[in-house]
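**Q** Residue strings, one per chain:
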Amino acid sequence: MTAPALELDCRGLLCPLPIIELGRHLTDVSVGELLAVVTTDAAARHDVPAWCRMRGQEYVGEDTAADGAPRFVVRRLS
Amino acid sequence: MLAALDQGYADPRRLHGPGRNARLILDNARAAVAEALGVRADEVTFTSSGTDAVHRGLLGLHRARARVGDAIVHTAVEHSSVLHAAAWVPGEHRSVPVDAVGRVRVEDVVAAAGVGPTAVVAVQSANHEVGTTQPVAEVAARLDGTPLFVDACASAGRTPLPEGWSAAAASAHKWGGPAGVGVLLVRKGARWISPFPRDDRVDERASGFENVPAALAAAAALQAVVAERAETGARQARLVERVRAAVTAIPDTDVVGDPVDRLPHLVTFSFLYVDGEALVHALDRRGFGVASGSACTASTLEPSHVLAAMGALTHGNLRLSLTRDATDADVEAFLAVLPAAVSEIRADVGL
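Protein chains in written order, with the working numbering: chain A, 1 to 78; chain B, 1001 to 1351.
Just so you know, the hints here were simulated from the structure itself, not pulled from any lab data. Keep in mind that the hints are not guaranteed to be accurate.
Example chain B residues on the side facing chain A (calculated, C-beta under 8 angstroms, incomplete) [to be verified]:
#, residue
1, 1252
2, 1274
3, 1275
4, 1294
5, 1314
6, 1315
7, 1351
No residue lacks a Cβ here, since even glycine has one placed at the ideal position from N, Cα and C.
For reference, chain A alone in the conformation it holds in the complex (with noise of 0.2 angstroms):
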């Protein structure tokens, strides 16, 4: 996966705010760029790819950042 343009630190955040904080930088990239959230929060699974479902954008899929914790990866498509 390229590295993302932005990547948002929300360990510790429970939902729904790691997605609340997706919906607040996503005009921080570019279209077409990816910006990816990490987060420990068991909603995020469920709901980073609800959101981009629901909000138009594409959801790339779910790796981990160096320290293990989950981190998922959107693409702003609009």
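Once you have looked at the hints, place chain B on chain A.
**A** Quick look at chain B alone, frame taken from chain A:
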């Protein structure tokens, strides 16, 4: 009901006068429940809850199939009582995924049951969180002898029981009866062995002294609900239709579950960027009691496994369950406060 408290206090297993009275009341309750559900009286057992009925139903079929195999096939969206019961016994568990409205495909269930020796298949009648009905009879017709357990707690009384089960479970409080009464149904001729220590009751599938007055109250409530369900169900379905349309108009909302093939009284939706717990409290302050499947409202801090399996948004989730006397005015009052409650919470986070 008061007469039942007076007359039905004794142990129905005893031969003295009060015991015989209690036995008579319990048998009347059993007969009434059987008639209302369209089953035989000797297929009905009163349990201490719907959860207890689920445990006994699923695990009793499982135990009776020990010589065939110990695998349990279930949908990914079964009630947690089914999942916990399955996890309690050794054996493989095969979870069958659901589509975006929360429904399993018949082919997927049949394929999962065909992977290896299977003790029992569990398919709910309808989903307890999102209302989507499941193709129970179609699955049953294709199982070729593997017993089917149906958790009918969400639908019993409101809609007819589906065909094809070997055992099924229902819960009195879900149809407006008292808490503490569940109904276990075991089909005549189905192989069922108690998964728990035996008890020497009148009914071999029960444990302990039945709550006779509550069983009678449950039966009376069920009869009333079944008698008026055509009218109640039609009214509730129309109100749910109205709620779905109004909620869809709120931006960034995921309305969840099948819009047509569903329970009449249940509607579920999720609002993006909204804290489910905050929304439940905001609506409670305005006089509306609603449920949520969001992680922040759960004791486990895990999101609803049903919403997750559907790919639905799990945060900001609300589950609205209409009471049987809910009116157009009640629903309009709810819809009048909901958009502002949502937008206030969103405004707090700047979205």
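**Q** If a hint holds in the structure, say so; if it doesn't, say that too.
**A** Hint by hint, here is what the structure shows:
| no. | hint | in the structure |
| --- | --- | --- |
| 1 | 1252 | holds (6 angstroms) |
| 2 | 1274 | holds (7 angstroms) |
| 3 | 1275 | holds (6 angstroms) |
| 4 | 1294 | holds (7 angstroms) |
| 5 | 1314 | holds (5 angstroms) |
| 6 | 1315 | holds (4 angstroms) |
| 7 | 1351 | holds (5 angstroms) |
Against the hints set out earlier in the document, no violation occurs for any number.
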